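> Residues per chain, in single letters:
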Amino acid sequence: MTPAALSLWAGFAIGLVFGAVGQRTGFCLTRAMHGLWITGDSNKLRAFALALAVAILCSQALDAAGLIDLRRSIYLASGFSWLSVPLGGIVFGYGMIMANGCGARALVLLGQGNLRAFVVLLCLGIAAYASLTGIIAPLRTWLAALTSTDFSPVPPTLPAVALGQTPPAGLRLSLAVALSAALAAYALASPTFRASARDLAGGLIIGALVPAGWLATGVLGADDFEPVPLASLTFIAPIGETIQYLMLATGMPLRFGVTAVAGTFLGALIAALASGSARLESFSSPQRMLRSMAGGVLMGVGGALALGCSIGQGLSGLSTLAIGSLLAAAGIFTGASLALRGPLRLPQI
Amino acid sequence: MIRRPYIEVAMQQPNPDNRISRRSIVRFGAAGMFLAVLNRTAHGEAWERLEAVRKLLGDRKPASEGLTLELPLVSEDGSSVPLTVRADGPMTAAEHVQSIHLFATRNPNPEIAEFRFTPLCGRAQVATRVRLSESQTVVAVARTSRDRLYAAAREIRITTSGCLVRADSQTDSNEMAVRVRVPERFRPGEAGEILTLINHPMETGLREDRAGKLVPQRIIRAFSSELAGERVFEATLYRAIAANPYLRFYVAPKAGGDLVLRWTEDTGRIATYRVRLAVA
Numbered sequence: 001m002t003p004a005a006l007s008l009w010a011g012f013a014i015g016l017v018f019g020a021v022g023q024r025t026g027f028c029l030t031r032a033m034h035g036l037w038i039t040g041d042s043n044k045l046r047a048f049a050l051a052l053a054v055a056i057l058c059s060q061a062l063d064a065a066g067l068i069d070l071r072r073s074i075y076l077a078s079g080f081s082w083l084s085v086p087l088g089g090i091v092f093g094y095g096m097i098m099a100n101g102c103g104a105r106a107l108v109l110l111g112q113g114n115l116r117a118f119v120v121l122l123c124l125g126i127a128a129y130a131s132l133t134g135i136i137a138p139l140r141t142w143l144a145a146l147t148s149t150d151f152s153p154v155p156p157t158l159p160a161v162a163l164g165q166t167p168p169a170g171l172r173l174s175l176a177v178a179l180s181a182a183l184a185a186y187a188l189a190s191p192t193f194r195a196s197a198r199d200l201a202g203g204l205i206i207g208a209l210v211p212a213g214w215l216a217t218g219v220l221g222a223d224d225f226e227p228v229p230l231a232s233l234t235f236i237a238p239i240g241e242t243i244q245y246l247m248l249a250t251g252m253p254l255r256f257g258v259t260a261v262a263g264t265f266l267g268a269l270i271a272a273l274a275s276g277s278a279r280l281e282s283f284s285s286p287q288r289m290l291r292s293m294a295g296g297v298l299m300g301v302g303g304a305l306a307l308g309c310s311i312g313q314g315l316s317g318l319s320t321l322a323i324g325s326l327l328a329a330a331g332i333f334t335g336a337s338l339a340l341r342g343p344l345r346l347p348q349i
Numbered sequence: 001m002i003r004r005p006y007i008e009v010a011m012q013q014p015n016p017d018n019r020i021s022r023r024s025i026v027r028f029g030a031a032g033m034f035l036a037v038l039n040r041t042a043h044g045e046a047w048e049r050l051e052a053v054r055k056l057l058g059d060r061k062p063a064s065e066g067l068t069l070e071l072p073l074v075s076e077d078g079s080s081v082p083l084t085v086r087a088d089g090p091m092t093a094a095e096h097v098q099s100i101h102l103f104a105t106r107n108p109n110p111e112i113a114e115f116r117f118t119p120l121c122g123r124a125q126v127a128t129r130v131r132l133s134e135s136q137t138v139v140a141v142a143r144t145s146r147d148r149l150y151a152a153a154r155e156i157r158i159t160t161s162g163c164l165v166r167a168d169s170q171t172d173s174n175e176m177a178v179r180v181r182v183p184e185r186f187r188p189g190e191a192g193e194i195l196t197l198i199n200h201p202m203e204t205g206l207r208e209d210r211a212g213k214l215v216p217q218r219i220i221r222a223f224s225s226e227l228a229g230e231r232v233f234e235a236t237l238y239r240a241i242a243a244n245p246y247l248r249f250y251v252a253p254k255a256g257g258d259l260v261l262r263w264t265e266d267t268g269r270i271a272t273y274r275v276r277l278a279v280a
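Chains A and B, in that order, give the protein sequences. In terms of the working numbering, the first sequence opens at residue 1 and continues consecutively. In terms of the working numbering, the second sequence opens at residue 1 and continues consecutively.
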């Protein structure tokens, strides 16, 4: 099997696990934000923190060991826009609350029969590609060109920029261990979280899927002549790409992101059917449908501007310690918080 | 007076009982046929009128079957588009495909590459990666040793790149380093695939460096391969070949021997590689 084909199958397998685990454990950043600001239940937020701890530790370990070179990922590309990325994050975060779940969550929900998620996914995918290569793209590239920043030749991570050079592998690894320990300590501090097997499993397994993605594209997909671009789990461009692939498969190559999206949907479907929790659901009112559609569009546009979503930047991006990912994640957190609390919060419908 | 919505008014006035009249069919039919003819002639001649293509074809009409050009329908990144061209047909001393020329109709210069084959290739098929500046038609013209001409064209759409990383911005610091992969074993007379890649930025001469100065053109101009002293496959490359030029071609050796590959930069610098082909 060619390296490219191997990486595609690995992406599909990673998606299957993500979908199944997401469906069974309810791993979800939106619920985490609801828990933080509304219900007071911090379990989902701690699960996300645990996932991030695993993702950072394992990804940095792979990089320090020389198995992958994270500088080849888009998160460590030499230039990014200091305005578009956090702004996109805010837009994405707000849309995520409107749609009641991010792109990855929508795939999992669709797998368990939630047709609301289908509407969200369509709007997200089309809006994302409208921003990446469609009618909104000129606006996006103009804004990015106007506000781009470049840290070359140093990779744009906090430690590298602070030191003025690429930090040695030992230092990078120590930093990763410290960050992971802090995040894990926060996660495990709560006895209710420690007692919740579902949230523990969700955090650990989904966190581990991020380095699995780097391995699938960077090691399995490694080839001197036709290398697969280094990438891990992300759900904005791939959802749009999947919609496009369905229509253009005869003249378009299959890529890691698309197989991961397909796997996520199928994994959730299989898990839902096997556990008897699959149920067809739809909108209870036109206002709710409109809000979900708008949420999907905001996630598509925001995610395109921010170069990722709650998983793409929040987990995969942050695992590279990129400054851009920090900005994007802060934006997502801010946008979601704005939608839940304060003057801009969404009214009840 | 109640104003009726525009769409109701528009639909009611010309054809109140929705019958499709004979007159409207004739009108639409004529318009359709006219457009179809116009489209075909416009499409068929657009790339044939390209001067570089005309120089090759003269006023002869090339055959359209027998030459396959593979390109994606859409590519986000125009700086590195995978392309495969294949001419079906015998590769014997009596008759074989001699050359395939590639053109990009809307690039600053239309020439992409010229590939030259010998019967030792076993198969007239080449894969590479090209640079396309915008959505356009890519054309391939093949000529056989008996002076038969074939042509194929494919349209490709180049969209804005989705991410900030361009595929050709990551050339390694090891310029002129080569990587080659050959099959472990050949069966006598059977074509096997040779993969080659050389690290090189393929400077187009259109890029500005950080100071705003134009970086002068510097590309790999020629590639050649010889098996036991006999010519196998050669290529003339232009700046439309993507950075880190990748060439995948075929060799059908009759007996084992040393395959010698040579890349020549337009400044005169040369890189070579020698590998033994085992024929079982």
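One or more of the hints may lead you astray.
Mimicking SDA-like on lysine to any residue, the simulated pairs with C-alpha atoms at most 20 Å apart in a straight line are [stated by the list, open to error]:
(1) B:Lys213 x A:Ser174
(2) B:Lys61 x B:Pro201
(3) B:Lys213 x B:Ala228
(4) B:Lys213 x A:Ser152
(5) B:Lys254 x B:Val53
(6) B:Lys254 x B:Ala222
Residues from chain A that keep clear of chain B, each with C-beta distances beyond 10 Å, as calculated [stated by the list, open to error]:
(7) Ala5
(8) Ile38
(9) Pro138
(10) Gln165
(11) Ser190
(12) Ala222
(13) Leu248
(14) Met252
Partner residues are not named here, just some residues of chain B that face chain A (Cβ under 10 Å, in silico) [as the list claims (entries may be wrong)]:
(15) Glu76
(16) Arg185
(17) Arg187
The set of hints was computed from the structure by calculation and includes no laboratory data. Quantities reported herein were computed from a predicted structural model and do not represent experimental measurements. Where a beta carbon is used, it is the ideal one built from N, C-alpha and C, also for glycine.
> Does each hint hold? Answer for all of them.
Here's how the hints hold up against the structure:
Only pairs whose Cα atoms come within 20 Å are accepted, and B:Lys213 paired with A:Ser174 is rejected, the gap being roughly 42 Å. As the CA atoms of B:Lys61 and B:Pro201 are separated by approximately 37 Å, the hinted pair breaks the 20 Å bound. In summary, the hint linking B:Lys213 to B:Ala228 is not supported, as the alpha carbons are separated by about 45 Å, beyond the 20 Å threshold. Restraint check: the Cα-Cα separation between B:Lys213 and A:Ser152 comes to about 19 Å, which is no more than 20 Å; the hinted pair holds.
Distance hint between B:Lys254 and B:Val53 is unfulfilled; the C-alpha atoms sit about 35 Å from each other, more than 20 Å. At roughly 26 Å between alpha-carbon atoms, B:Lys254 and B:Ala222 are farther apart than 20 Å, so this suggested pair is violated. Distance to chain B confirms A:Ala5 as a non-interface residue, since its nearest Cβ pair spans about 15 Å, more than 10 Å. With a least beta-carbon separation of about 35 Å from chain B, A:Ile38 lies farther than 10 Å from that chain, consistent with its non-interface assignment.
The Cβ of A:Pro138 sits about 7 Å from the closest Cβ of chain B, inside the 10 Å cut-off, so the non-interface label is violated. With a cut of 10 Å on Cβ distances, A:Gln165 stays outside the contact zone with chain B, its closest approach being about 16 Å. Once the 10 Å rule is applied to beta carbons, A:Ser190 is consistent with being away from chain B; the minimum gap is 38 Å. Distance to chain B confirms A:Ala222 as a non-interface residue, since its nearest Cβ pair spans about 13 Å, more than 10 Å.
Not every beta carbon of chain B lies more than 10 Å from that of A:Leu248, the smallest distance being close to 6 Å; the non-interface claim is violated. Its beta-carbon lying about 6 Å from the closest one in chain B, A:Met252 breaks the requirement of being farther than 10 Å from that chain. Here the hint on B:Glu76 is kept, as its CB sits about 6 Å from the closest CB of chain A, short of 10 Å. Because the smallest distance between the Cβ of B:Arg185 and any Cβ of chain A comes to about 19 Å, over 10 Å, the interface hint for this residue is violated.
The interface hint given for B:Arg187 is violated, since its Cβ lies 21 Å from the closest Cβ of chain A, which is over the 10 Å cut-off.
In this structure, the hints that do not hold are numbers 1, 2, 3, 5, 6, 9, 13, 14, 16, 17, in rising order.
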